[in-house]
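Spelled out from the first residue to the last, the chains are:
Number of protein chains: 2
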Amino acid sequence: MRKLLFVYVALIGIFMIYVYQFHFKEVTPNPWDTQGLQGDINEIYIMVTFQSGMDYWKSSLKGFEDAAQSLNVSVEYRGATQYDIQEQITVLEQAIAKNPAGIAVSAIDPFDLTETIDKAVDAGIPVVLFDSGAAESKAHSFLGTNNYNAGVTAAHEMSKLLNEEGEVAVITLPNQLNHQERTKGFQDTLEEEYPNMQVVAIEDGQGDSLFSRNVAHQLMKEYPQISGIFATEANGGVGVGDAIRLEKRVGDIQIISFDTDKGTLDLVDEGIISATLAQGTWNMGYWSLVYLFHLQHDLTEPQILQTRDTAPLPLYVDTGITIVTDENVDYYYAD
Amino acid sequence: MRKLLFVYVALIGIFMIYVYQFHFKEVTPNPWDTQGLQGDINEIYIMVTFQSGMDYWKSSLKGFEDAAQSLNVSVEYRGATQYDIQEQITVLEQAIAKNPAGIAVSAIDPFDLTETIDKAVDAGIPVVLFDSGAAESKAHSFLGTNNYNAGVTAAHEMSKLLNEEGEVAVITLPNQLNHQERTKGFQDTLEEEYPNMQVVAIEDGQGDSLFSRNVAHQLMKEYPQISGIFATEANGGVGVGDAIRLEKRVGDIQIISFDTDKGTLDLVDEGIISATLAQGTWNMGYWSLVYLFHLQHDLTEPQILQTRDTAPLPLYVDTGITIVTDENVDYYYAD
Chain A
2 MRKLLFVYVA LIGIFMIYVY QFHFKEVTPN PWDTQGLQGD INEIYIMVTF
52 QSGMDYWKSS LKGFEDAAQS LNVSVEYRGA TQYDIQEQIT VLEQAIAKNP
102 AGIAVSAIDP FDLTETIDKA VDAGIPVVLF DSGAAESKAH SFLGTNNYNA
152 GVTAAHEMSK LLNEEGEVAV ITLPNQLNHQ ERTKGFQDTL EEEYPNMQVV
202 AIEDGQGDSL FSRNVAHQLM KEYPQISGIF ATEANGGVGV GDAIRLEKRV
252 GDIQIISFDT DKGTLDLVDE GIISATLAQG TWNMGYWSLV YLFHLQHDLT
302 EPQILQTRDT APLPLYVDTG ITIVTDENVD YYYAD
Chain B
2 MRKLLFVYVA LIGIFMIYVY QFHFKEVTPN PWDTQGLQGD INEIYIMVTF
52 QSGMDYWKSS LKGFEDAAQS LNVSVEYRGA TQYDIQEQIT VLEQAIAKNP
102 AGIAVSAIDP FDLTETIDKA VDAGIPVVLF DSGAAESKAH SFLGTNNYNA
152 GVTAAHEMSK LLNEEGEVAV ITLPNQLNHQ ERTKGFQDTL EEEYPNMQVV
202 AIEDGQGDSL FSRNVAHQLM KEYPQISGIF ATEANGGVGV GDAIRLEKRV
252 GDIQIISFDT DKGTLDLVDE GIISATLAQG TWNMGYWSLV YLFHLQHDLT
302 EPQILQTRDT APLPLYVDTG ITIVTDENVD YYYAD
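First to last, the sequence lines map onto chains A and B.
Anchor point for the first sequence: position 158 equals 159 in my numbering, and the numbering is continuous, going up by one each time.
Anchor point for the second sequence: position 75 equals 76 in my numbering, and the numbering is continuous, going up by one each time.
Extracted from the complex, chain A is given alone in its bound form:
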């Protein structure tokens, strides 16, 4: 009888532990149902670009993926392979057809994608724009570089390199809005804050390194006193670097360039380009996904969502600029 009693006691004890456990689990619901920002692995967020094989997108996509991992959701990457508006429209249409949890688009053109973007928003799909916007579209937010401010940063950096005096030039794409803004920020800042510095020329480099190299040769001939050149895009910077190396004026003329492709980084590493401006591409991707997640889960100010002319998310995010020199260039090869 004693043994049987012991068994009963043990049995009841274990049963009580079991019940206690069960009860405990019942009163404490799964924390991720009520706390923490977490989605479902079946939620698919799509990033859509153009020239989709370009290195430039890698860091944005990494940010997009990192945010997806943080939030336990899934991502897909799609893009027009060429620099082709019609192709990007088709890719975006295909993304919409999958009815994803959200789409982050970098628009090849500020106008021609608007209708397709609006179609996605009208279908109830959250859409944000990153890097290249489409201001007239219904997309909920834009995340990218404030190009005017990037030009301001370039001007301050140039003034530091030249001890606030000397003649400088700009090699740019004069017909593209983002490059006009970079040039204007550069020029305004030098005019307003550095009276001993002059912008003596603003030239078209056609986004081509060979063409830009010839423009740089010409500049050095026309303005032998020139001591700094700001290239508003990477190919121009590489061309200017080549010209300065060929004319043996390295160190004598300071170059500030844009972006962090391998060609540019190599010239920074060699000391031919003094500094290049890295865009906040990881942040563009990361916060695009976080914004889409918030739209998808209605984690926005509730009253605003019920009204017209809504602004559920911040409208515009300036992802900023980091200055890359030979001191920190190594970190950028990793991208």
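If you're looking for bench data, these hints aren't it; they were derived computationally from the structure.
There's no promise every hint is true.
Which copy? The list can't say, so a pair holds if one copy fits it or any two copies do.
What the hints assert, rightly or not - Quick list of in silico lysine-lysine cross-link-like pairs, DSS-like style, CA-CA up to 30 Å:
1) Lys120 <-> Lys161
2) Lys139 <-> Lys185
3) Lys99 <-> Lys249
4) Lys139 <-> Lys161
5) Lys4 <-> Lys263
6) Lys59 <-> Lys120
7) Lys59 <-> Lys222
8) Lys99 <-> Lys63
9) Lys222 <-> Lys99
10) Lys120 <-> Lys99
11) Lys139 <-> Lys63
12) Lys99 <-> Lys4
13) Lys4 <-> Lys63
14) Lys222 <-> Lys185
Given the structure is predicted, the values throughout are model-derived calculations rather than measurements.
Fit chain B to the known structure of chain A by using the hints.
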């Protein structure tokens, strides 16, 4: 013996369930350890303002609290009770002394808080600025209204109200930067996009409703053709509203005002103010907390953090503007 056997079988069965459960729990780690964005309830994030009793802060604090709830962390609200720089410095010093997980500051002055903000950052405390910035400080980000763009929005809204023609005036605070920017955005947009609209006067309303009322009376006398007034701050808008009611020109002169205090909302509700611009205050608070959380948990692009001139977060977030009219005014009384 049969009974005893039954008891043994039951006992072993329950034990196996217990072991299975235990095992199951072991191989599935707590999801919030590895997935989802979630902090600890003992992490304290502090919001610091000035004139801390003002209704204006309620919505930002609500956003800050909503984000804390999403992320399972805690918040505290502190502020100088008066419009007093020294008092806000003291309050910020006290916040730093608590070594919190992060501090969101709305700076009473763009310069005088810089030293204290930098002290917090140097002590390793994440700091972001919201609503009113301190551009020279080491704070990691600024989240607020782009005032120039708010002026642009006001101009488009005014043109809609007036069918793109007529004389308009601005009542503003001509010595404060944010109000200069609102005025400039308004003026530039009308000049560039609406050739049949003219800004005939820009007057100082001194941020006072009685003074602004008298300015509005004067304006109506000097410019009897005037058909619209943009007040860049709330007291001015209330004063203009009073003047127009007194002179029985309601409907004849359109008023666009700023912010959503009760006095302004009442005049929108009565149809005396046609529209007022609501700032994205909830978003300022919400995203301030999310940014601080990301800094606290090192959820930023890793390589950038190791370099100098770092930009771990987007530098500037324009939280946007929502137009409030009699159609959606009810949603704003809730704040």
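Tested hints:
1. Lys120 <-> Lys161: Intra 48 Å, inter 25 Å, cutoff 30 Å: inter-copy only.
2. Lys139 <-> Lys185: both (28 Å within a copy, 26 Å between copies)
3. Lys99 <-> Lys249: neither (56 Å within a copy, 57 Å between copies)
4. Lys139 <-> Lys161: Result: close only across copies, 19 Å inter versus 42 Å intra.
5. Lys4 <-> Lys263: For lysine 4 and lysine 263, the Cα distance exceeds 30 Å both inside one copy (77 Å) and across copies (78 Å).
6. Lys59 <-> Lys120: within (27 Å within a copy, 36 Å between copies)
7. Lys59 <-> Lys222: neither (39 Å within a copy, 62 Å between copies)
8. Lys99 <-> Lys63: Within. Shortest intra-copy distance 22 Å satisfies the 30 Å Cα cut-off; inter-copy 36 Å does not.
9. Lys222 <-> Lys99: Result: close neither inside a copy nor across copies, 57 Å intra and 62 Å inter.
10. Lys120 <-> Lys99: This pair counts as within: shortest intra-copy Cα distance 13 Å, inter-copy 50 Å.
11. Lys139 <-> Lys63: Both: 26 Å inside a copy, 27 Å across copies.
12. Lys99 <-> Lys4: Neither: 65 Å inside a copy, 60 Å across copies.
13. Lys4 <-> Lys63: Neither: 63 Å inside a copy, 63 Å across copies.
14. Lys222 <-> Lys185: Classified as within; 25 Å inside a copy, 42 Å across copies.
The structure shown violates the earlier hints numbered 3, 5, 7, 9, 12 and 13.
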